[in-house]
Amino acid sequence: MKLTEKKLNDIWEESLERIKEQLSNPSFKTWFSDTEPIKIKNNTLQLKVPNDFIKDWISSRYQNLIIETIEEITDTELDLEFLTPDEIKESKQEVTSNNNNRKKVKTTNQIKNGINPKYTFDTFVVGNSNRFAHAASLAVAEAPAKAYNPLFIYGDVGLGKTHLMQAIAHFILDHNPDNKVVYVSSETFTNELINAIKDDKTVDFRDKYRNIDILLVDDIQFLAGKERTQEEFFHTFNALHESNRQLIISSDRPPKEIPTLEERLRSRFEWGLITDIQSPDLETRIAILRKKADIENLEIPNEVIIDIANKIQSNIRELEGALIKVIAYAELVEREIDLDLAKEALKDLVSNDSSEPKEITINHIKKIVADYYNLNLEEIDSKKRTQNIVLPRQIAMYLSREMTDASLPMIGDNFGGRDHTTVMHAHNKITEKYADEENFKNTIDNLIKKIKS
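If you use this note's numbering, the sequence shown corresponds to residues 748 to 1200, in order.
These are calculated hints, taken from the structure and not from any lab test. All values derive from a computational prediction rather than experimental measurement. Among the hints, a few may not be true.
DSSO-like mimics (lysine-lysine), calculated; alpha carbons at most 27 Å apart, straight line [said to hold, decoys possible]:
hint	residue 1	residue 2
1	Lys788	Lys767
2	Lys795	Lys1072
3	Lys1094	Lys1130
Pairwise CB distance ranges, derived in the manner of DEER restraints [unchecked claim]:
hint	residue 1	residue 2	range
4	Ala886	Asn1057	28 to 36 Å
5	Arg765	Glu934	31 to 39 Å
6	Asn1049	Trp1018	44 to 52 Å
7	Glu1083	Gly972	47 to 55 Å
From the three backbone atoms N, C-alpha and C, an ideal C-beta is built for every residue, glycine too.
Sequences are here, hints too, so could you generate the full structure?
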């Protein structure tokens, strides 16, 4: 049968029948049931797949099988290209006949190249842990530079900060395509600045970041200690804010707790709204998994979703990773997904109620706190009295008192041979700060979770 546009559907149906004979029913249903041919272009067969996850899986594991099967049927050599609905939509936009529209779409798509198409408000699951951050982000997206400017979102790794930031970018670009939006990590900002200085192109660098409508900077905590980068960002911030342009910033901690961050930057971050994202509760974790399954067009039994949600309590990234692991395991062993299979797939993950709580030591606490504040253990134990070291040291002493059975003198000995009265003073100070400052309370609670995990 000759490979032509006219017979494309017939050829694909016959190909599917042959592929089905070589796979288990669960595998075929999961990966091929929603595929369909689009067209032949430059001797390349374009196939529509439901989403990026299935696209990656089929292309990495079944591409050769598909090509060999079609070549057997058609006696024609060809290449394959897998396209998701979003990619098909974008390719259609790019062939618009209106030159002005073409330029506008191209600009928007270039901006969106660095933004995950899945990170929208529609795909963000709202729960008690992130409700306020979501509401603030939506308010900024609907009225840039009028609601909260800057918007500062902080929280631990994998809780949805980047998702919210990119959702803001998507919303603004979808409703105002002419807006100039730049989303960048602080690491990329730093590297671009270094290259601009090296190549004598700082004017171009400043033009890129100061002549825009919206600037989103992810993981701002990595600017800490980089004096030249902080200087440049300070002036960029001022230029945008003074011209009524929106800034959205994320970090793993509130501005006050970013070590070696210049005070003038810290104060500017506090001009607008500071909001945090906490670890999701059980109901939210279940909702996140259901949403993920729906987006990926996968049928996952409810008891499997609940089991995963009970096992993974730390962050959303690990939660979704566990679900993908179950799906991949089912494919490898060629079985339907059920609770027994999920338990097999995730047997290396420790269930919260199935293991003894691990022993918490002073050294473990010191290491977690030191890592959080970008310090080393020697600095925690040292005699240095700078604020960026004193506060973490006091926090580590406080947590050692709260989370171990060690006496005050023993704790003091583990912190460079300090007196027990120093430990008592640290405990009292952190206790008071914990009661008075909500942001600080959240930081301590997050550290406790890290120590226990």
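Problem - Outcome for the supplied range 47 to 55 Å, where the beta carbon pair is glutamate 1083 and glycine 972 - result: 52 Å, holds
*Can you let me know if the beta-carbon spacing of arginine 765 and glutamate 934 is within 31 to 39 Å?*
48 Å, violated
- Item | Distance restraint hint 28 to 36 Å, applied to the beta-carbon atoms of alanine 886 and asparagine 1057 | 34 Å, holds
Could you grab the alpha-carbon distance between lysine 795 and lysine 1072 and see if it respects the 27 Å cut-off? Holds, because 24 Å separates the two Cα atoms, which is no more than 27 Å.
Need the status of pair lysine 1094, lysine 1130: alpha-carbon distance at most 27 Å?
Since the Cα atoms of lysine 1094 and lysine 1130 sit roughly 45 Å apart, the hinted pair is violated (cutoff 27 Å).
Starting from lysine 788, check that the Cα of lysine 767 is at most 27 Å away, please.
-> This hinted pair holds, its Cα atoms lying about 26 Å apart.
I want to verify a distance hint. Is the separation of the beta carbons of asparagine 1049 and tryptophan 1018 within 44 to 52 Å? Cβ of asparagine 1049 to Cβ of tryptophan 1018: about 46 Å, so the range 44 to 52 Å holds.
Of the numbered hints listed earlier, those contradicted by the structure are 3 and 5.
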